[in-house]
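> Protein sequences, first through last, are from chains A and B. Here my numbering is used: the first residue of the first sequence is 1, the next is one more, and so on. Here my numbering is used: the first residue of the second sequence is 1001, the next is one more, and so on.
Hints in this document: simulated from the structure, not taken from any laboratory. Keep in mind it's a predicted model, so treat the numbers as computed, not measured. Where a beta carbon is used, it is the ideal one built from N, C-alpha and C, also for glycine. It is possible that some hints are incorrect.
Computed, partial: chain B to chain A, Cβ under 8 Å [to be verified]: (1) Leu1058; (2) Lys1079; (3) Gly1089; (4) Trp1093; (5) Val1097; (6) Phe1137; (7) Leu1145; (8) Ser1146.
Pairs of lysine-lysine residues, derived as DSSO-like cross-links and limited to a Cα-Cα distance of at most 27 Å, are as follows [what the hints assert, rightly or not]: (9) B:Lys1024 to A:Lys103; (10) B:Lys1062 to B:Lys1218; (11) B:Lys1062 to A:Lys103.
In case you want the letters, here they are:
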Amino acid sequence: MDTLINLFLGPLQETFFQKSLIGGSMVAIVSGVVGCLVVLRRMSFLGDALSHALIAGVAGGYLFMKLLFGIEAHAPSMLIGSLLAAVLTVVLIGFVSRVSRIKEDTAIGIMYTGVFAAGVVVVSIFRNYIHIDLMHFIMGDVLGVADADLWASAITSAAVLSIIILFFRYFQITSFDPVMAVSIGLPVVFIDYVLTTCVSLVVVSAVSMVGVILVVGLLITPAATAYLLSDRLDRMMMLSALFGVTSVVGGLYLCIWLDSAGGGAIMLFCTLQFLVVLLVAPRYGMLARWLQRRRMVPQQDMEDILAALYRQGQLSESDLDRHVEIQSKRRRSLKNLALQGLLALNDGTIALTEKGRTEAKRIIRSHRLWETYLEHVGIPEVEIHERAEHLEHMHDTSTIEYLDDLLGHPEQDPHGTEIPEDVICNHGDRPVPLSYYHRGRSGVVAKVLTAAKDLSLKDGEQITMCERIDGGSTWVVEKKDGSRIRLDHRQADAVLVKCI
Amino acid sequence: MTTNAQATRPAIQVENLTVSYGPKPALLDVTLSIEKGLLIGVIGPNGAGKSTFIKAILGFVKRDMGTVAIQGVSAEKAKGLVAYVPQRGAVDWDFPVRVKEVAMMGRYGHIPWYTDPSPDDWRIVDEALEMVRMSEFKDRQIGQLSGGQQQRVFMARALAQGSDILLLDEPFAGVDAATERAILDVLENAKASGRTLVVVHHDLTTAGEYFDRLILIKQRLYAYGPPRAVLQEDLLSQVYEGRLRVFSNLIKKER
């Protein structure tokens, strides 16, 4: 027990640990908040670029004070130097991608490596003047946080955080819909520059803690973790700040216990935290996605079950397997169909409901129309059924209407079985062409178009469809007075009828 | 709110508008005046300058010549008088923002930077969501909505903006027939409440049925008027050139 308490409380009594904890948390909070905007605007690469460009600014600031005033490692001027370098990099990136065909990501890559290289060259040329430990710069030194660093990060964090909170709405809308933002008169370009400056400030203050290489991780990983858990920007920012702090706390303990590099331990903890959330996040996590996919039943299986029930009347569950090929999830398919009210399960026997019959009819109709179509385009008879099994699942209204019309609204498929009629009354009040009607259906003429003007059909007249003649190409209708009229396909299409 | 002078002014007045991106003008010498309270469709083939026309009304593009006045105010100064509904592809649907927050964005132009949205703002947002019948979804993240619902949320945002003029960029693109009907209902409600709606529209077969007036453009303004006057075979054949065959049926239907 004592060892456990020592393990946690021991480090807390050390001043260096307290300073790292405070400094690290401040930086983590603000980079978490700003990081959300970076992630949502897909600026991650820019964050990386800025952190590298800093070295030139730090070297510049150092040299400036050293050569002019003889002051060693003057922190404020190095900070200002870094900011200048960051702004310069952003301006150069914008310039290159504007004046040439080079895209922005490439421009970022070119400019930041260029500025970084300039910094490295300067530092190595003036190695006798500049006492910057490059390793320190690249790896960071979270355990060696100086008081000046603490103050610098406190001030920048407070400033950046205030800006983000005060102007939250403007950052939100310019990230989400910049066009709308312009249309209500917001200075979108200016807001973008403010955000870039904030990112630079955060990067500058974080580099001394975790180093150039890891700073972008501290910026985007907590934000990405929060993104998986939240559907609101303000909440995402709060969560992101929280994850930043837990990374710093967890990482610092790791670093003490394992005696490892501080920045590395923080980012390692941060990444593990992300992976855990990626796995278990309630909606956007992998586990949730996997469960969701498992719950889904292929639409095709369900349609096959409906079609089998339509053909067979009712079936027991064990008989179902003989009529439908379903690999797995049979139980789930049935349940799903029952939930949709398409079939009724009665201890072991399955039967279609009225709604299920209508749906099954649509599928059978689709199947048989596809078979007729396949025969029409000359597919060998042995292949027809197999192919139609696959094609029948394309049964949206316009596809079916197209096939039906192309084939002359057949009443029978190639095997001589009846094609179920279009579920005409589903069209509601909309009149349909007379050609849709099958034998025995009655309706009222709603409109007679030009092609059928010569026939003696009037609006409002009641008609009944009789059998098709001439191999299906001539429609015959009977009027109320018993007289019969013959129509060809064109004429039958030109008479619009409503069902009664 | 509106003075007499404003009441008689046209909603949008465009005079001799010419816009170019290169040596060829995107819009050439367009002059028209859109009256208030109408539902107006902008039609024309791809690349005809329809979106440039919308951008010009929003004051987004540099004009080579001409003027655009929104209720008598020059387009650049009229920020906020016109509400814009973007194409559905224009935003990131994974953005962490909920329906009611998107609608609230319509109020951002009215809320001073130092305060939170007032109860009045929330009331306006609720009303706007009610008008597009999206109230029950107001706590949903926007990516979890269907295409038509997303479109309606953006219309709610435009309504919450309180502008008298709404510009919509292809609201009917990629939605099914029932959704199209629902969107059209919202447009008609908005019109009934006195707003002017300018809608970029792709489908000539429905253009005549949906709109009070049509604007037919391809670089130049070919026609502006009631659908019957605009959907003329000779006009359409000039604008759509070789692709007219598709429309000959439509023209017959109109007669």
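> A separate judgement is required for each hint: does it hold in the structure or not?
Now the hints, each set against the structure:
1. Leu1058: Since chain A brings a Cβ to about 5 Å from Leu1058 of chain B, closer than 8 Å, the hint holds.
2. Lys1079: 3 Å, holds
3. Gly1089: Hint violated; Gly1089 of chain B Cβ to chain A Cβ min 12 Å, cut 8 Å.
4. Trp1093: With a closest approach of 10 Å, the Trp1093 of chain B hint is violated.
5. Val1097: Constraint on Val1097 of chain B satisfied, holds at 6 Å.
6. Phe1137: 13 Å, violated
7. Leu1145: 12 Å, violated
8. Ser1146: 16 Å, violated
9. B:Lys1024 to A:Lys103: Holds, because 25 Å separates the two Cα atoms, which is no more than 27 Å.
10. B:Lys1062 to B:Lys1218: Answer holds: Lys1062 of chain B to Lys1218 of chain B is near 19 Å, not above 27 Å.
11. B:Lys1062 to A:Lys103: 24 Å, holds
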